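Peer 1: Residue-level listing of the chains:
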Amino acid sequence: MDALMNFGQGMFGGAWPAVWTLIKIVLIVAPLMLGVAYLTYFERKVIGFMQVRIGPNRVGPLGLIQPIADGLKLLLKEIIVPSGANKAVFIIAPMLAIGPALAVWAVVPFTDSLVLANIDASLLYIMAISSIGVYGIILSGWASNSKYAFLGALRSAAQMVSYEIAMGFSLITVLMISNSLNLVDIVNGQASGRFADYGLGVLSWNWLPLLPMFVVYLISGTAELNRAPFDIAEGESEIVAGFHVEYSGMAFALFFLAEYANMFLIAALTSLLFLGGWLSPVGFLPDGILWLFAKMAFVLFLFLWFRATFPRYRYDLLMRLGWKVFLPLCLIWLVVVGVWMLSPLNIWN
Amino acid sequence: MDFPTFVFFFLSAILVFAALRVITARNPVYAALHLMLAFFTCGGIWALLQAEFLAIAIILVYVGAVMVLFLFVVMMLDINLDRIRQGFWNYLPLGAVLGFLMVLEMGLVLGSKYFQVPAAEAVVPAGVSNTKEIGALMFTDYVYPFELASIILLVGMIAAIVLTYRGPKKSKISNPNTQVFVKAKDRMRVVQMPVEKD
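Chains as they are written, first to last, in the numbering used here: chain R, -14 to 334; chain F, 633 to 830.
Heads up, some of the hints might be wrong.
[Claimed, not checked] Below, a list of computed lysine-lysine pairs in the BS3-like style, where the Cα atoms sit at most 30 Å apart:
id	chain 1	residue 1	chain 2	residue 2
1	R	Lys132	R	Lys72
2	F	Lys817	R	Lys62
3	F	Lys815	R	Lys309
4	F	Lys804	F	Lys817
5	R	Lys132	F	Lys804
6	F	Lys802	F	Lys815
7	F	Lys815	F	Lys804
8	R	Lys62	F	Lys802
9	F	Lys802	R	Lys132
10	R	Lys72	R	Lys62
11	R	Lys58	R	Lys132
12	R	Lys309	F	Lys829
13	R	Lys58	R	Lys9
14	R	Lys9	R	Lys72
15	R	Lys72	R	Lys58
16	F	Lys829	F	Lys815
Hints listed in this document are in silico derivations from the structure and should not be mistaken for laboratory results. As the structure is a prediction and not an experimental result, all values here were calculated from the model.
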């Protein structure tokens, strides 16, 4: 590592910190994009097996080259701008979707030292930046000058704003018991506890004492991603494909990339906040980044499982779930955790 | 010019440009988008001043929630520009007075050094978390004003709902609660029948 630093210092001189940061960004974004590509493959295979089909099996052995072929196809296709569309906004909208989806990864820690920017308020930063992602969807719907796209955009805006609230409230309980907004501290806070002392770290993670909030977070996260069963923003059978119906080629691919990058993000956040991040579930195995990846893979599998299992939610039931079920539940649990922390039974000190 | 100064001027230029476009853009959606850019850039300047909590809060609250709803409404408006322009000269005197007052107020605040008002210099020691300090102050010294402000907001919210509430719906609207809690036996009756033989 020192040799690399010295080499870079000699090669680029004063510009080395900037170049080094760029290298780190590439080291995060490139595997993320590769992961997105293979998540689509994984999704098609998993759903295929759940529906007793084979899934993609033509391109490469076991269909493994399929995502690359899909990517190439999208890259080479023409981007058609509808004649009535607002051209500038139509072009900007996919960028507004992918930008925040990549920018949030700046503060996501992979182990307690492996993080691009270890800032104090990293969880707030993630909430702030990911809340901008909704603009890509709203603007694409508006700029397309199409009824289906506009309906999809309105549905999605209402849905994302509603579920952001439930999500934020479920995070507040995590912040209360961790006494920090820093993701590294939040994960490290889960390393101690009565069960962790017995060597059963898995029972000391936040998911157990905050079980209702874990469920709320996971379901709100699915809704926030516009994934099935909350994919009314796309709703293929109702409004063809919702906000991105007019998009083709790489512009469409950017929405796709943003959605799947956000899936990775929600999976990473769920793992970090509730499932102990890089911590090992049992005492005799070492902690490490592989645990984080395993937990993320588990949460991602849950998303695919949901998609293969549940029928789409009706719109008014979706709003009811967010505002009349999750929000009161979060408010009550907030008080419960507050009282719990002040009572002698407090387990987080 | 050192790097932070450069960043400050860069962000300020974008902020001034975006703010100007908010009031000059003909298309209201463009105006709303530039307002969003202005908020975002403002957050950047605050982050530069080491007020990271405020910076993130303005992005989370204004860009992430308020402007989304704003854009939501503006997108659905059918705005006739000619009709809006009709009243321009009538409103100009009032607008000019308000604008002058705002400039005057800003001048007084920003010129506090010039007018010899002792302004508190913010000295931030290293290792102090902005977010924690604001939280501690908000729930100790300023707890009553804070709670009062939240109650006023709550009253405003309820007032908005009451003002737009048109009474119970007379149409055959379905109640999701009864739908969700429905049981199979409410809708279906299993009948035992002997096997028919001919």
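Peer 1: It remains to establish, for every hint, whether it holds in the given structure.
Peer 2: Results of checking the hints against the structure:
no.	hint	result
1	R/Lys132 with R/Lys72	17 Å, holds
2	F/Lys817 with R/Lys62	54 Å, violated
3	F/Lys815 with R/Lys309	21 Å, holds
4	F/Lys804 with F/Lys817	23 Å, holds
5	R/Lys132 with F/Lys804	27 Å, holds
6	F/Lys802 with F/Lys815	26 Å, holds
7	F/Lys815 with F/Lys804	21 Å, holds
8	R/Lys62 with F/Lys802	52 Å, violated
9	F/Lys802 with R/Lys132	29 Å, holds
10	R/Lys72 with R/Lys62	18 Å, holds
11	R/Lys58 with R/Lys132	27 Å, holds
12	R/Lys309 with F/Lys829	54 Å, violated
13	R/Lys58 with R/Lys9	29 Å, holds
14	R/Lys9 with R/Lys72	34 Å, violated
15	R/Lys72 with R/Lys58	23 Å, holds
16	F/Lys829 with F/Lys815	34 Å, violated
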